[in-house]
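In order, the protein sequences belong to chains U and Z.
Take 4 as the starting number for the first sequence in my numbering and just add one per residue.
Take 327 as the starting number for the second sequence in my numbering and just add one per residue.
Incorrect hints may have been included.
Facing chain Z, a subset of chain U residues (Cβ under 10 Å, in silico) [what the hints assert, rightly or not]:
| # | residue |
| --- | --- |
| 1 | Val-11 |
| 2 | Val-14 |
| 3 | Leu-16 |
| 4 | Thr-18 |
| 5 | Tyr-22 |
| 6 | Leu-24 |
| 7 | Lys-28 |
| 8 | Gln-31 |
| 9 | Gln-33 |
| 10 | Gly-61 |
| 11 | Leu-130 |
| 12 | Ile-150 |
| 13 | Met-194 |
| 14 | Leu-195 |
The calculated DSS-like cross-link candidates involving lysine-lysine, where the alpha carbons are at most 25 Å apart (straight line), are [what the hints assert, rightly or not]:
| # | chain 1 | residue 1 | chain 2 | residue 2 |
| --- | --- | --- | --- | --- |
| 15 | Z | Lys-556 | U | Lys-220 |
| 16 | U | Lys-185 | U | Lys-129 |
| 17 | U | Lys-129 | Z | Lys-842 |
| 18 | U | Lys-39 | Z | Lys-842 |
| 19 | U | Lys-57 | Z | Lys-556 |
| 20 | U | Lys-10 | Z | Lys-556 |
Worth flagging that the hints you see were computed from the coordinates, not collected in a lab.
Keep in mind the model is a prediction, meaning the values are calculated, not measured.
Cβ coordinates follow ideal geometry from the N, Cα and C atoms, glycine included.
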Amino acid sequence: MWATNLKVIGVVLGTLFVYTLICNKIPQMQSEVPQKITLGANATPDQIAAAGEKVFNGVGGCTACHGLGTRAPNLLTDEKGTGQIGVRCAKREPGKTCKQYLFESLDQPTAYVVSGYQPIMPRITKLVPADQAWALVAYLESQGGTIDVTGADLQAAAAAPAASGAAAGFAGGSTDPKALIKEAGCRNCHMLDGEGQTIAPDLTHVGSRRDAAAIRKKIVDPGSDVTKGFESFAGVMPKTFGTDMNAAQLDALAQFLAGHK
Amino acid sequence: MAPHHLLLSVVADSIRSYGEFPVVGARGAVWIAAQVHLMFAAFVLGVPMFAVVAEAIGIFAKDAKYDGLAKEFTRLLLVAYSATAIWGAILVFLLSTLYTRFWAYLTTVFGPSMWLYAGLFFFESFTLYLYYYGWGRWKYGRAKIVHWTLGILLNVWGTIVMLIANSWLTYMMTPPRDISSTTDPATIKLWHAISNATWMPINIHRLIANVVFGGAIAAAYASYRFLAAKTDEERAYYDWMGYVGNFIAMSALIVLPFAGYWLGREIYQYDQSMGITMMGGFMSWLWVIQAFLIAVLFLAGNYYLWIGMGRIPGAERFRPYIKYLLIVLVLGAMVWGTPHTMIADSKELAAMGGSHHPLLGALGVMSAKNTAVNLMILATFLSFLMYRRGNKEFTVPWAATGTKIQGAMFVVAAAIVLFYGIRGYFVEAIVRIGFSVYQVGAVLACILCVTVIDTMMARGARSVGEIQWGKMPARSQYALFILAVTFTWLMGLMGFARSGIRQYWHVWQVMEDTSKYAATPALGYASRMISLCVLIFLSLVAFVFWLGGLAEKSTFVASGKEGQNVGH
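Chain U with its partners taken away, still in its complex shape (with noise of 0.2 Å):
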């Protein structure tokens, strides 16, 4: 019997082991808490970026879906012939900088979905101080572009947050309906005026559909039906816009597609 229970333990110890020896031997990564940025005003550019590559490699996440060729383009490498997030950003939106155009994204990524891509990114300022976003940019830019974010910019993100687009509200508070589609990032699946995708139901006629009170609630609770020919689709659009926009945002929004007959 005691050949028997020698067995038995030495079976069960030399599973755990096995088990514990593999989690062991692949690469390491702990989550961290994020740490202040504690740059003055006279902090070099380099200095700024090394900080937002703390924040990119960390708790900003970012390496989950940039990278990896699938999810979201390419930043510190080549994305499709454009080159880096430092030599095309300034590009991508006219009369936008660059250092304009990257804090927009990080803060309202919905509103600049890169073609062939869903929308998909979390907003990175609800996730991380200001200062930190805009030592992100930093390190953004400095991939193939030039640092123009100063530890002014830290200093005065990190003292009046409230001046951020994240405090001011969605879509920086205006109830404008345009303004609200566009940040919402609304045709990035719908089609609006002959404008947008077609992976979820065209609006240009919702109005004769549904009235504004059934927008309204679709909008706030996108599972509370599902458009027929879309079920495939279902649990796709985000739950967020409810908490998101304001409740002026929200029948504003509604109003303008019911007028949609």
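Since the structure of chain U is already known, use the hints to place chain Z on it.
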């Protein structure tokens, strides 16, 4: 500020927020207490489910063997209940002394549900005592039905207890969106906190997982009793018990991924950054380890079935097919374990020559993995079907046609799985996600339809010979031990994943962890903690089973001996 909130703030300011624990630290102490408590809890919630089913089979099929099995399962529960309560109490004391501020917050939100929890545990314990100790007394006629009802009641209490505890931990993961760090916890409505986004998916996932876990541990218990058996009769009984335990575990395991998929989807919908952290962030390697563990489960489970065919007269005709099933399982496991979304820095990207490994990149995507796992499920089901048919010769006139139809169903299901797996490479991710539904649907439909046809064909089937229970080589029983250890380890790993995605938050984006243990550890450290917890749990379970053996002789009943004493 509300007076209650003010009081909490004063308490938080005047007493320490965090305590310290020797050797393993505060986080380690709570980790061990919570994990071992959960393992015992899963066991005492899972086992009553199939104990009550086994008793029902005993009653309605008038088979005393099942009644004996149900009683033996229940006997395992008695001491396990005490261990669950002891570890629960240890957890509460550790939380209240080591995580004072967090515990104060949680009790403020969930206080009344904690009182209900304690009351239900009381009812549950006494229902169990009645159920077990009343087995001999309420054995006949209506009294037996009343006894069986007690078993159902035991499950009801246990399930409600689990639902309550689940609400606390899911609130920590997915607190309702209108609750923020400035919300006074005393103003949060209890039901609002309970019915959070992941509560129901976790409830369903745990309910199924408990059955898997209970079955695996009961099978390991039976395998030990088999190895220690002194008579052929006892060996035959525990061989059968081990088979039943393993069958329950593997059957429930096949359904578990669907509950897991629902849970993952709810996490993504609640907060994409949390979902991305879970699947593609610092936890990405965890899923490769999970794939490896599930591959071990598939291989060990099939190996047990294949060896088991040796004790079934007539099953030797299926032996030539086993090597093909093994090839499917091994290839499937290799594809499923291929890494894809690994975090890589720019140097590693340059070393690979791109964002993916040139050779393995194509196999690491979900299209390949979903195809692999679905084919593995089909192969496992085919193993079971051969096992089931081993000693049967169908006598219905349409047996040959029925078998051809079954074969065609397997081919069609595999073809659908392969078609959508390949097509997944040529469509966008949003479309590809939907393909997994068709693949799973094809496999489930095949399992369902083939089982129905097989059951109909088995009517009046001629037996080539009785299954020779007990005629199993010892190595088959060690496969059951590996299954039990792997299920337990997997449970610890997935617990780490679920809890770890909160990262440095006690309550996600509501209450921050400001202790020195706030960083979420890497998988190496986590694996050492999981192994330690598994070792503690299995050692205690062995002690519990030994105690059970001291208290009462084995309840095994030779088939048919007491059949007339059970049921109406």
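* Asked: Given the hint that U:Lys-39 pairs with Z:Lys-842, does the C-alpha gap stay at or below 25 Å?
  -> The hint holds at about 16 Å.
* To do: Using Cβ atoms only, decide whether U:Tyr-22 comes closer than 10 Å to chain Z, and label the hint accordingly.
  => holds (6 Å)
* Asked: Keeping to a limit of 25 Å between CA atoms, is the pair of Z:Lys-556 and U:Lys-220 held or broken?
  -> violated (69 Å)
* Supplied contact hint for U:Gly-61, tested at 10 Å Cβ to chain Z -> holds (9 Å)
* Asked: Given the proposed pairing of U:Lys-129 with Z:Lys-842, does the C-alpha separation stay at or below 25 Å?
  -> Holds, at about 24 Å.
* To do: Closer than 10 Å between Cβ atoms is the bar; does U:Val-14 clear it against chain Z? Give me holds or violated.
  => With a minimum Cβ separation of about 5 Å from chain Z (threshold 10 Å), the hint on U:Val-14 holds.
* Go through the hint on U:Thr-18 and say holds or violated, using the shortest Cβ distance to chain Z against 10 Å. => holds (5 Å)
* Taking 10 Å as the limit, does the beta-carbon of U:Met-194 come near enough to a beta-carbon in chain Z? -> Hint on U:Met-194: violated, closest Cβ of chain Z at ~15 Å, above 10 Å.
* Asked: Hint check: is the beta carbon of U:Leu-195 less than 10 Å from a beta carbon of chain Z?
  -> Given a least distance of 19 Å, the restraint on U:Leu-195 is violated.
* Pairwise hint evaluation, Z:Lys-556 against U:Lys-57, where the allowed Cα distance is 25 Å at most -> Judged against 25 Å, a Cα distance of about 64 Å means the pair is violated.
* Holds or violated: are the alpha carbons of U:Lys-10 and Z:Lys-556 at most 25 Å from each other? -> Cα-Cα ~18 Å, so holds.
* To do: Using Cβ atoms only, decide whether U:Lys-28 comes closer than 10 Å to chain Z, and label the hint accordingly.
  => Holds, because the Cβ-Cβ distance from U:Lys-28 to chain Z comes to roughly 8 Å (cut-off 10 Å).
In summary, the structure is inconsistent with hints 12, 13, 14, 15, 19 from the numbered list given earlier, while agreeing with the others.
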